[in-house]
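Peer 1: Per my numbering, the sequence shown starts with residue 17, numbered consecutively.
Simulated from the structure, these hints should not be mistaken for lab results.
Among the hints, a few may not be true.
[Stated by the list, open to error] Keeping only pairs whose Cα atoms sit at most 25 Å apart, straight-line, the calculated SDA-like set for lysine to any residue is:
| no. | residue 1 | residue 2 |
| --- | --- | --- |
| 1 | Lys285 | Pro214 |
| 2 | Lys162 | Asp246 |
| 3 | Lys162 | Gln193 |
| 4 | Lys22 | Glu215 |
| 5 | Lys287 | Ser265 |
| 6 | Lys287 | Val178 |
| 7 | Lys102 | Leu56 |
| 8 | Lys245 | Lys317 |
| 9 | Lys317 | Leu56 |
| 10 | Lys287 | Lys162 |
| 11 | Lys22 | Asn168 |
[Stated by the list, open to error] Each pair of labels, with its calculated beta carbon distance range:
| no. | residue 1 | residue 2 | range |
| --- | --- | --- | --- |
| 12 | Gly172 | Pro133 | 45 to 55 Å |
| 13 | Glu252 | Lys148 | 31 to 41 Å |
| 14 | Leu324 | Gly172 | 40 to 50 Å |
| 15 | Arg29 | Pro192 | 32 to 42 Å |
| 16 | Lys162 | Leu213 | 42 to 52 Å |
| 17 | Arg29 | Lys72 | 14 to 24 Å |
The C-beta atom is built at its ideal place from N, Cα and C for all residues, glycine as well.
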Amino acid sequence: MNKDIKIYIAGHRGLVGSAIKREFERKGYTNLVYKTHSELDLTDSKAVVEFFEQEKPDWVVQAAAKVGGILGNNTYPVEFMLENLKIQNNIIENSYKSGVKKLLFLGSSCIYPKNTPQPMKEEYLLSDYLEKTNEGYALAKICGIKLCNYYNREYGTNYMSVMPCNLYGIGDNYHPQNAHVIPMLIRRFHEAKINNLPETTVWGTGTPRREFLFADDLAEAVVFLMENKDAKDVGEFINIGSGFDMPISEIVELIKETVGYKGKLVYDKTKPDGTMLKLMDVSKINTLGWKAKTDLKEGLKIAYNDFLKREIK
């Protein structure tokens with residue numbers, strides 16, 4: 017593999033993009049291109065056109081997105097749908113116009129219907145209604161998958177789409193309201209610990225089951241696919257996950273133990289649970305030659321140490 021190939025990583029400072037950047041660097045790639053939001057607004061079509069005309073990357077990894085948890089998705093569906101559509105449309109269209117040889121589009125497991133049979137197989141896409149709390153974000157990601165496939169079919173491009181399960185890890189977003197469940201609880205339990213709070217609240221009933229994947233494991237899968245596979249190998253899209261789920265209540269206990277919080281947990285059952293079951297079928301990616309390797313307990317320790325380094329001044 018030519019390690020001088022020019023690779024554009026969109027969203028290189030986010031949880032997923034930063035992990036992918038680290039993995040490419042670990043593998044010895046030397047010609048990585050990335051821009052901060054202040055340098056390149058991916059919702060600005062004119063700016064994106066100019067960027068691709070100037071840089072002409074060989075490969076593109078589309079990891080840029082507006083993301084958030086249940087609260088953010090449910091409260092701001094216009095922003096989540098519109099911003100993501102603009103970002104991905106600009107990148108995919110201009111990748112084609114500038115002659116990009118291979119593109120990988122990052123989606124999300126929320127593209128699957130709310131009541132999808134478990135584990136979720138790739139062919140279950142669009143087989144039923146979506147979960148309402150993140151419908152806008154999910155629809156945007158489905159459009160990204162379809163657009164990549166349409167380009168492959170109509171223009172013979174080599175655009176792959178991957179659908180990771182819930183992610184966590186180094187460089188996560190620890191916003192107290194808009195973060196995903198693991199980083200939100202890491203912050204909440206840490207603040208409860210340092211303030212000696214006798215109890216703290218967890219949203220929902222704790223009964224839904226969730227699958228989590230360490231972001232650096234996803235990055236390994238992405239680079240593996242870019243180096244070794246093509247759109248014809250992947251099909252319409254491919255699931256990437258750990259292949260293992262557990263109740264939210266057990267995940268909460270693991271986070272509590274990792275942080276060292278000793279107080280009582282109170283489940284606020286007035287808050288939404290979201291989809292009750294959400295396990296991905298990863299047999300396809302496993303058959304291609306990749307499997308997750310980071311245990312949740314081990315990954316949580318790494319994530320909490322990263323939180324302490326970045327968030328606690």
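Peer 1: Look at each hint and say if it fits the structure.
Peer 2: Against the structure, the hints:
Between lysine 285 and proline 214 the alpha-carbon distance is near 19 Å, which keeps this suggested pair within the 25 Å criterion. For the proposed pair lysine 162 and aspartate 246, the alpha carbon gap of about 16 Å is at most 25 Å, so the pair holds. A distance of roughly 31 Å separates the Cα atoms of lysine 162 and glutamine 193; the hinted pair therefore is violated under the 25 Å criterion. For a cut-off of 25 Å, the pair hint linking lysine 22 to glutamate 215 is broken: about 51 Å separates their Cα positions.
For the suggested pair lysine 287 and serine 265, the alpha carbons sit about 15 Å apart, so the restraint of at most 25 Å is met. Note on lysine 287 and valine 178: the hinted pairing is violated, with a Cα-Cα distance of about 30 Å set against a maximum of 25 Å. For the given pair, lysine 102 sits about 13 Å from leucine 56 by alpha-carbon distance, which is consistent with the 25 Å threshold. With a C-alpha separation of about 32 Å, the suggested pairing of lysine 245 with lysine 317 is violated against the 25 Å cut-off.
Taken as a hint, the lysine 317 and leucine 56 pair is broken in the structure, with Cα atoms around 34 Å apart against an allowance of 25 Å. A threshold of 25 Å between alpha carbons decides the hint, and for lysine 287 with lysine 162 the separation of about 33 Å lies outside it, so the pair is violated. Pair hint lysine 22 plus asparagine 168 holds up; C-alpha atoms about 21 Å apart against a cutoff of 25 Å. One distance hint, 45 to 55 Å for the beta-carbon pair glycine 172 and proline 133, is violated here, with the actual separation near 34 Å.
Checked against the hint of 31 to 41 Å, the C-beta distance between glutamate 252 and lysine 148 comes to roughly 24 Å, which is inconsistent with it. Remark: the range hint 40 to 50 Å for leucine 324 to glycine 172 is upheld by a beta-carbon distance near 49 Å. In this structure the supplied range 32 to 42 Å is violated for arginine 29 paired with proline 192, their Cβ-Cβ distance being about 20 Å. For lysine 162 paired with leucine 213, a C-beta distance near 47 Å keeps the hint of 42 to 52 Å intact.
For arginine 29 and lysine 72, the Cβ-Cβ distance of about 23 Å falls inside the hinted range of 14 to 24 Å, so the restraint holds.
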